[in-house]
Every structure is written in structure tokens, then in C-alpha cells.
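Build out the structure end to end from the sequences listed, making use of the hints.
First to last, the protein sequences are chains Y and G.
Each residue of the first sequence is one higher than the one before, starting from 4 at the first, in this note's numbering.
Each residue of the second sequence is one higher than the one before, starting from 4 at the first, in this note's numbering.
Worth flagging that the hints you see were computed from the coordinates, not collected in a lab.
Watch out, some of these pointers could steer you wrong.
Pairs count within a copy or across copies, as identical chains cannot be separated in the list.
[Stated by the list, open to error] Within a straight-line C-alpha distance of at most 20 Å, the following computed SDA-like cross-link-like pairs (lysine to any residue) qualify:
id: 1; residue 1: K437; residue 2: E413
id: 2; residue 1: K99; residue 2: G136
id: 3; residue 1: K99; residue 2: S53
id: 4; residue 1: K34; residue 2: S164
id: 5; residue 1: K99; residue 2: R52
2 protein chains.
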Amino acid sequence: MVTPIDPTALGFLLAENRTQPMHVGGLQLFKKPEGAGRSYVREMYEEMRSHDSTDEVAPLFLKHPTRSLRTAGQYVWEPDELFDIDHHVRHSALPKPGRVRELLDLVSRLHGTRLARERPLWEAHLIEGLRDGRVAFYTKTHHALVDGVSAMRLLATAMSSDPDQRGMPAMWAARPRSGRSSAVVDPVTLSDLPLQVVRGALAISAEAAGMPTALVTTLRRGLNNETSSLSLFAPRTIFNQPITGSRRFAAQDWPLERLRTIGKATGTTINDVVLAMCSGALRAYLLELDALPDTGLVAMVPIGLQAKQSHIASAEGGNAVGSVMVQMATELPDPRDRLSAIHASMRDGKQALASMTPVQIQAVSALGQAPAILPSLLRMQGIMRPPYNVIISNVPGSRTTQYFNGARLEGIYPLSIPINGMALNITCTSYDDKMCFGLTGCRRTVPHLQRLLGHLDDEVTALERAAGVG
Amino acid sequence: MVTPIDPTALGFLLAENRTQPMHVGGLQLFKKPEGAGRSYVREMYEEMRSHDSTDEVAPLFLKHPTRSLRTAGQYVWEPDELFDIDHHVRHSALPKPGRVRELLDLVSRLHGTRLARERPLWEAHLIEGLRDGRVAFYTKTHHALVDGVSAMRLLATAMSSDPDQRGMPAMWAARPRSGRSSAVVDPVTLSDLPLQVVRGALAISAEAAGMPTALVTTLRRGLNNETSSLSLFAPRTIFNQPITGSRRFAAQDWPLERLRTIGKATGTTINDVVLAMCSGALRAYLLELDALPDTGLVAMVPIGLQAKQSHIASAEGGNAVGSVMVQMATELPDPRDRLSAIHASMRDGKQALASMTPVQIQAVSALGQAPAILPSLLRMQGIMRPPYNVIISNVPGSRTTQYFNGARLEGIYPLSIPINGMALNITCTSYDDKMCFGLTGCRRTVPHLQRLLGHLDDEVTALERAAGVG
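Here is the structure:
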């Protein structure tokens, strides 16, 4: 059965090319359950790939885009009649010594290759060989199927807060509507997701993408009339260049409690602290490369909106997402000053967003939801300066410990999409008692990406000291 | 320094697309030297990647194709100013249990991804985790740089027949002209290779590609006037379909002595026996799939030509390669009958080739050297039937045991290029006392490719029995 492709999804398919793969990813780290044998990972893998018939796989994970004379040259979704689970689910291993470094190397490489369009647009890699005995699981899903938030949610739906639950299917499994006891974020079943995700979360940008005139008008207004929520006065940085196809991924987590303590002592939010960590880290990183601009970097930060605030898409029950352009204050040498400036910029941005018209919100949202489409659009219209320097997302996750068939989830790190002109993406997700950071960059444009992890760590300490809690 | 791209190399760049990557590969298996420690592979990897400055890498491995306004939109070779050895040389591992099956799975995947054009067109993967303790080394080089024969020769130049030699650089290292003691096939130094390879071996097809009219005329003649050297009456098979981008690779070796014994007892050559193995295996494979055509399959078999025979390209001292279209006799049920028919077809083909004019040889050679360019050309000219069903190459290798820094080379298996309409490629190379087979196929178009290995093995036994030597 052929189904139409949503305009936004189509945008992601058309924007994709060799140097700009359009998939999001997630890296999960699991601790094996008590009594797991030597062949635990292989058994987990065999179990995962055993559900290989098309009626055992959810429709989202069975469809692939196709176009032909029959469809008048238009892309449509079509179920893969020759579905081959072995193409999608893969078993990998790390070379010795099996440190996190070797894991990040492998995941960087896996994230840098494109998904095959003649197949459903996803891959899942079960990875053994970490010397601490943990098991890694990297999943890769095309942005035409899910956005970053939905990808995290999809992973969450396959988890349970019950360590004793067994017989749990993988995230791509078809499930009955009832019988799921412990979905994390929302009790959605997988069969609901395609509709909710595509019609809900992405509907805003779908509409926005359909009205480039209104969008560009709003952006133009932003150029002439600086507001902190839609600032287009971002400096040029090394991040805002054409990119290559290879990727570098770095990931680490910090205790939520440390961030919360800093926030309490300074009257700021955890999200402000996350942004201040990024600001300090970006400043140190760019200083090392002698590439720090005189004016502060601007980050595009997607934020959730109340349905009544957004006026749109609420009927479908999806996520309404807006974006705030945050002045990152990277030009300020003092950590406390940066945190204060970010807090103020974020507050102003949210207020501005709240007072916006639906069309303006659409425009701002499109910046967040359709980063791949926007730059080309902006270039076409002769707007050459980057509207922002870096994308920083903070995706809420589960606050309780999660399990997959008894294996304890210890961390979950999002991988996102660098694009031409936006070579670095920082996405965090809270999980359990941690804030987990995932940094995805173009390997060539963002050299020594992993150094940012050290700088992030330094910045937590600096902020603690500045807040008088270190 | 910008250098022009040879027309044939350009053809391979232009013919490349997502489902049809244009690189050849080699899989080598090494036995660790006595006394190798636990971190032997890591040390080998660190040594390999330590030569990372551009003056330590041979020009062939430094250049990448580029085109711009400056070059009037034409592709040229340009040295990679930002050469990053870590992008090219990689350390991988196999999941447990670390059988050859896991190795072939990994290599299949690595061979299915495209090389990045913003980088020099090669990758090398050092692979640990085989349960028998051996070390695997997979290399991947774009067809625009080398053909299959040259790729095998390149690997050979990095080897030594002296088990005690140490301090040997990797194949991509720049070397002085003298001081190499033990090149295998020819005492060529690497710095000679680009010229020899591109101007020598590929010159024929370069010229042929430049004269499509003569080529197509010759092919048309073949259509109307069946000769065994240029038969265009190949049946349609499952191999002659559009392909996808994913690959399956299978490899195994058999003792040369077994093949030699069969040849002696039946008055045939080792090459005839190799083709008969393929014939029997293809027959059994297609029978299982209920897809064996009534008429016999036709294999395109590249053969080396004497310089005086080819009349061309000899001035440059390169390899002149012609092709014979061999009737594989897959319709015959008896192994001995198939071997006899192949022997006769091969003999006729060689004789016909010897009596051909240079232009005809050019045309036939182009079929072998430019398989990627030809099909499109044929389609353009309205010749829709496949000129042959499968490509089977037998590349001569070293007859003595080879070593790399004391590690004994136990086998070397070639990976080649499936293309649209030609989904299976079989390439063998003799090494030491073995005949090593590498089967590369489109994962979707050639299902259960690995079954061909079992059928090849059965066929050796069947041929031995038929020849009265089993």
C-alpha cells in the first residue's frame, strides 16, 4: 500500500546528500543483568533479529521512500516487500582495549554513513566489547520518519521501569495497542507513533515549509529589528561552513544534582546551566583554536510550548515546539556573568515567543524543525549570514531507572544532524539522575570535537565555584 | 598541484552512485608472529597510523577528485591539504564468537559504503577478534585509482618473503625507489604505480571508452554473428537486474594441488577447473532458487595478453588485458561435460582473440576494463540483453609465502564491484599453495550468496570424482 509523504519528511529526503545525511541517532549504554552468560549479547542479538516477518515489524519500520513513473515521479512511502532484518539489525564489537573512546569512534563512523533508500530508513547496532562489560546499542533513524524528540521517545517506549520484566520486544516490533505496562514518557503505543509524530510534532514545520514567504518575511523583520528570540546577528564561526560527510561523536554525562545545585544557588534553571556549560566549553574550545569571535555566539534552542501558547497543532495532540535564539555570551570571561546573561536572554526569548502571533511562532519553529531546509531557503533569498551558530537541544527524558529485559539502562546519548553551515549540534537528555550530552559534529569542520567534553567538565566546576557551591 | 584525471578513471567516478560504489577491495588474513602480545593488533594499528604527514604518504593515496569553477567544472586530482590518516586507517573488531562468518559480515558492510570524495579514495581496516587468533586486513580503493589486478599488486608490494624482515611500511607509504628487496609480482616501487597503472593497464579501455562508435559496432557484429569470444547471447538470469547498494561478500580457498590434479587428469588448465567450479556452483545455486535458465550462462573472463598479441599499450609496459566470453555450460548436468565444454569454449575464445584486430580487442577489453561504463552505453544504443551473466576473474598472485613485519599472510581474497545488470562478481587469486575465491554480490539481488561457497566445495569433489582422482 502506497502512502503519501508528508511535506516536511519530503524536505528531509530532498535535503539529504552525501555530505549531509539526514538521520538522528541514539546511543544507549546497558549494564547486563545478574547472571548474564558469556554469549549474552549474541543471544540478545539473535532474539532481536528473530522477529523478521513483516507482520512482526511496525509499519514505521517497514516503509521506504520510492518514486517512479507510476507515482508520477513523486516520492511516496511503500512497504518493503523484501524486508531483510539482517540489513537493519547488526551485531558489532569494539577493538581492545574497549574503552569509551573506541565506542565513540565506532559510533561516529556508523553515524557518518547514509541509510539506503531502497530499504526502510533505520538501523540498529548492538555493540559488545566494552571493557567494563557494558553493552552499547546505537540506533539510527531517518529524520523523515522521526525528529530527535520522537526518536528519544521511540527508544523509551521499548523500555520498562521493572527490572524483572522479560520478553520485551525491540523498538521496531509491532505491538498490540493494549498490554504495554510501562511506557516512559507517554503511554503511546508504537502503532500510534507514525501519525502522532508526523502529523503532530512535524505539522508546524510542514505548514511553515509550505509558506516560505511568510517565513522569510518574519526572518527579514528579525534582521532589521533585533529581538532576542529571533536574532539574526550571529557572528561567523568555524561551525558555520560547508561540511563533509564524516562525523565525530562525543558523549558524557554529569549528575543532575550538580546542575540543580548551581541553578538553585544562582536563581537559574537547569536548562540555563546546561547552556552556560555549553557557552563556557565553546569559548574555551574556540580560544584554543584562536577562533573566538568578538561578539557572542547565538544558539538556537528548541523549547516546548503549551498548546494554548502555540495555538496550533494542539488538536492532533502532538508536540508544539518553538525556538529561542539565545545569546550565549561567549565573549564574557566570567562563568557567572555568562550564566546570568544566558538566563536573561532565555527569559526574554520565552516572553517574546509567548507574545508572538501564530505565524511568527511557525516561522521560529520552522527554524528548529527544519534546519536542513531553512539554510538553502535563506541563501536563496540572499540572507547570507548564519541566523545562529549552533543548535543546542535539551530533550526531557525519564527520571526513573529503565530496563530492557533486565538490562539496566545507564545512559542515553542523542546523535543529531550537522548540516552545511551548522557543523556542530549539541543535544542533551536527562535520564535517571544524570544529564547526558551528545555532541555530533562534522569530523573535518569541527576538529578535536572530543575536547569539548573536557571543557564542559571544567565549566561545571567553574560554575560551582562561581555559585559558591563547589 | 592539480593533475588531470584519466578518461577511464573519470568514467568510474561518473558511473558511481549510491547503489553502485566503484571501489575494489582486498581481504588479507595474517597469522601473528611468534611472541606477539595481547596488544599486537593495536600496536600494528598505531604504527600504521603514525605515518600521517603528507610527505610520508604516496601521492596515489593523497589525491582526491575535485571540480570547481576554477577547473571549469571538470574533475581534476588535487592533493588533500587536510589529510587525516584517522579517516583512512581504522581499527575494528568482530563480535563473539569471532568466526569467519562474523568477519565476512563486517567486510560485506564495509564494502557496501561509498568512499568520500572530499578525501583520498581509500580506506584500510585492521580487524581483530577472530577466535583463531588471526588478524584480518581489509583495504578498499577506488577503481579510479586502481583496477582489481593493480589493487592485488599494490597489496603485494607491501609484503616480503622474508619472515624476519621488520620495519615494513604499509602499502600507502611513500618509499624511495631503491631499497625494496622483495616485491612479489614485479619489482615496481609504489611511486611508479600511478603512471604504470593508469597509463598502462587502463589505457586500452581509456581509448575504447573514447571510441564508443567502434566499440558498439563490434558489439553489434557480435549480436548478429555469434563467436564464442564475443557472444551476446547470454540468457537473462537473476544476476542481470538492477542492484541495491548493500553487499554480501563470501570467501574461501582450496588447495591448488587439488585443482592441478583435476586439470592434469582431464587435460585442462587450472583456470578451466576454476571456471568449472563456478559453473557447477552457479548451476546448483540457481537450481535451488528454481532460477536456472535453459541455456548456459555466459561468463566474461579477463585474460592477460602478450604484448605482441595485443599490439597496443605495450610501449608503456603495462598489462594488456583482453576478455573471453566463456560458455559456462550450466545447462549440462554432468560435471565432466561442463569442464570439457568450458575448456573448448575458452580455447576457441583465446584463438579468436589472437586473430582479432586491435580495434576488436579494444572493444572486448573495454568490456572487461570498463564494466561500469559499458552497460549504460549498451542501453543507450538499444542493446538490452546482457552481453554476459557474470564476471569471473583469476588474478595471478605470489607462489611463495609472504610476510608483513613477521606476520604470515595466510590468504588473500579479492572484493570487486557488482554493477547494475551484473550483480555477482567472482574473483580468484592464487597465493602460496591455495586458490583463494572472493565472491562479491548485491545483498538483495543475490540472496544467500554464501551458499555458493558450499556449492564450490561440492563441485571440487564432484570434479575429482569425475576425473577419477577423488
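Quick rundown of the hints versus the structure:
For the identical chains of this complex, K437 and E413 are intra-copy neighbours only, at 9 Å inside a copy versus 49 Å across copies, given an alpha-carbon limit of 20 Å. When the C-alpha separation of K99 and G136 is checked against a cutoff of 20 Å, the pair qualifies both within a copy, at 12 Å, and between copies, at 14 Å. Taking the closest pair of Cα atoms, K99 and S53 come within 20 Å of each other only across two copies (18 Å); inside a single copy the shortest separation is 29 Å, beyond that limit. In this homomeric assembly, K34 and S164 come within 20 Å of each other (Cα to Cα) only inside a single copy, at 14 Å, whereas the closest approach across copies is 47 Å.
Only between protomers do K99 and R52 lie at most 20 Å apart by alpha-carbon distance; the minimum there is 16 Å, versus 26 Å within a single protomer.
Of the numbered hints given earlier, the model fails none.
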